[in-house]
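S.K.: Take a look at the letters that make up each chain.
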Amino acid sequence: MSTRTQLIAAGFAAGILALIAAPDADAQTKAKSVPKTAWGDPDIAGVYAEFTTAPLERPAELGDREFYASQAEWQKYAEKRLNEVNEDVETVPGTQADVHYNMGTFKLSENEGTTSVNMRTSIVTQPKNGRIPPLTAAAVARRDAAAAARKGHEFDGPENRSLTERCVVWPSTLPPILPRGYNSNLQIFQSPGYVIIQGEMGDPRMIPTDGRARPKDNLPQWNGTSIGRWEGDTFVVETAGFNRETAWRNSTENLRVTERIKRIDDKSLEYSFTVVDPDTWAEPWSGVYPLTRMDGLLFEYACTEGNYGMANILAGERKAERDAAAHKTAAPAK
Amino acid sequence: MKIVTVAAALLFTLPVAAGPLTQVPKAADGHPDLSGVWQALNTAHWNLEPHTSAYPVVIELGAQFAVPPGLGVVDGGTIPYLPAARAERDKHFANRLADDPEGKCYLGGVPRSTYMPYPFQIFQNKRDVIIVYQYATGFRRIFVDGKDEAPLNAWMGWSNAHWEGDTFVVEVTGLNGQTWLDRAGNYFSDNAKVVERYTPIGPNHMRYEATIEDPTVFSRPWTIRMPLYRVVDDNYRMLEFKCEPFAEEKIYGHLRKPVPPASGGAK
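Which chain is which? The protein sequence lines are W and B, in order.
Residue numbering for the first sequence follows our numbering, starting at 490 and increasing by one per position.
Residue numbering for the second sequence follows our numbering, starting at 227 and increasing by one per position.
Part of the chain B face toward chain W, derived, beta carbon under 8 Å:
| # | residue |
| --- | --- |
| 1 | Thr363 |
| 2 | Lys468 |
| 3 | Pro471 |
| 4 | Leu481 |
In silico DSBU-like pairs for lysine-lysine, Cα to Cα no more than 30 Å straight-line:
| # | chain 1 | residue 1 | chain 2 | residue 2 |
| --- | --- | --- | --- | --- |
| 5 | B | Lys483 | B | Lys468 |
| 6 | B | Lys483 | W | Lys808 |
| 7 | W | Lys640 | B | Lys468 |
| 8 | W | Lys640 | B | Lys483 |
| 9 | B | Lys317 | B | Lys476 |
Sample of chain B residues lacking proximity to chain W, with all beta carbon distances greater than 12 Å (derived):
| # | residue |
| --- | --- |
| 10 | Thr248 |
| 11 | Leu267 |
| 12 | Pro282 |
| 13 | Gly288 |
| 14 | Gly296 |
| 15 | Gly302 |
| 16 | Asp371 |
I should point out that these hints are in silico values taken from the structure, not numbers from a laboratory.
Where a beta carbon is used, it is the ideal one built from N, C-alpha and C, also for glycine.
Using the sequences plus the hints, can you model the full thing?
M.R.: Structure (structure tokens):
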């Protein structure tokens with residue numbers, strides 16, 4: 490067990506004690522008044538870490554069980570997961586994993602000190618099995634057609650690479666926001682009539698809260714268009730109007746996302762979401778996880794300005810093609 | 227008595243009637259409220275210095291993309307470059323098609339982002355002022371009464387601000403020196419310090435000034451001035467201008483897989 494995991498386990502033990510001491514903690518939180526901004530909205534501003542011990546989808550063997558039954562069970566799953574993310578893993582030379590970031594080597598595990606302890610067995614809460622519903626036949630057909638068109642052309646030009654490699658969008662910073670392997674942080678600002686949510690690697694979403702209606706034009710945007718409102722102490726955001734190319738998890742431009750953000754205590758927010766796109770999933774699906782307040786600031790990400798990776802990927806492939814051609818020409822002489 | 231009442235009412239109503247043209251909206255803390263969508267309306271993005279109209283950088287683009295003329299926004303007309311720095315600026319101009327960071331969708335930096343031909347939106351609370359620029363989705367967090375320094379240089383720099391009466395004064399340091407100031411190749415280095423001053427002069431207008439100090443490039447500090455205009459269009463919202471895809475051919479085009487010569491075509 491790494492030192493880090495021990496710290497988290499200690500935190501977990503303390504959390505369990507707190508739960509035993511205050512079984513009605515939820516009611517107590519509700520009774521306490523939520524701090525407000527100068528203009529009266531609930532105050533949810535701050536810098537938050539998204540990473541949590543709960544995986545996105547529940548291991549199948551846990552069935553419909555939303556929470557771990559014991560600390561031992563939590564440890565079995567959560568520690569395994571932390572090790573998957575953080576520890577040095579032997580990779581096979583020549584595979585993509587081999588040339589991608591090694592979390593241990595780059596000390597990303599130390600950098601990402603904030604991981605919330607989560608009793609949940611998965612972020613996904615709906616459907617009941619905690620797993621994303623299977624893609625519809627139409628969505629499978631779309632995915633396969635795109636993959637077939639790409640096959641053999643993966644390195645032809647920048648457009649053939651992923652949106653993240655192209656510095657266009659990082660899908661997990663879009664609504665719905667999901668934890669990712671690194672830079673899994675976001676910041677929230679508030680001003681009268683607006684809430685701004687910005688993922689560390691994402692674009693700032695300027696979400697109006699003045700009661701305006703969803704724009705009728707529905708002009709497609711990479712990040713969709715978000716409209717917010719306060720329902721009591723909960724900030725509710727509805728997002729639609731995605732760019733077809735955004736294609737988050739094979740979804741279409743009809744994807745609709747509802748997010749709910751509420752303050753749990755001075756250290757955390759609860760983030761929950763529901764995703765609807767009948768062309769992609771036969772049923773809506775939902776999830777929930779905590780956002781944990783951090784002391785630090787987020788720094789400018791400036792992706793495209795330093796995107797040496799794209800140039801190197803394409804240049805490497807061109808060299809491989811030239812080498813292969815030279816080999817073919819040279820072969821008959823052998 | 228009735229006449230006195232009417233006169234008193236006039237005294238109170240007249241300034242209010244004049245209000246919409248001159249009144250500066252105030253935030254809850256009493257400072258001017260700068261929030262909203264703003265845009266410059268000049269040719270500073272082409273050239274900060276006075277300039278006549280000119281051919282487009284790609285001649286095939288024709289009159290549609292020719293350079294419009296402008297009186298310039300620099301106090302005293304020209305930028306006080308040191309001789310070697312002026313030569314560097316001229317080199318930038320000659321190579322602007324390839325080298326202008328705007329063509330590559332790189333963040334605009336400060337002050338260039340302010341007067342690029344795109345709107346920007348200001349969000350204000352007592353502690354932070356946030357500016358989101360439509361161009362390349364530039365983002366600045368401005369620390370009101372902030373005292374910290376940049377941990378390292380960045381494209382949009384590090385901004386600490388304070389209020390001087392109705393003027394919002396922003397000191398920008400930690401700039402990385404890789405940005406340009408306009409499409410004519412004007413520039414500064416990573417030694418630059420920029421002091422911006424935003425002064426509302428009515429509900430829909432601000433004066434914008436930026437004083438640039440960089441002893442490695444300029445013989446003295448110099449200042450640009452221009453008005454900023456509030457975008458007052460009905461139902462306006464700032465749409466995305468994600469320009470990364472538009473710049474891919476320019477940046478990576480030479481690394482594309484070569485298209486094999488067509489076989490069996492007309493000879």
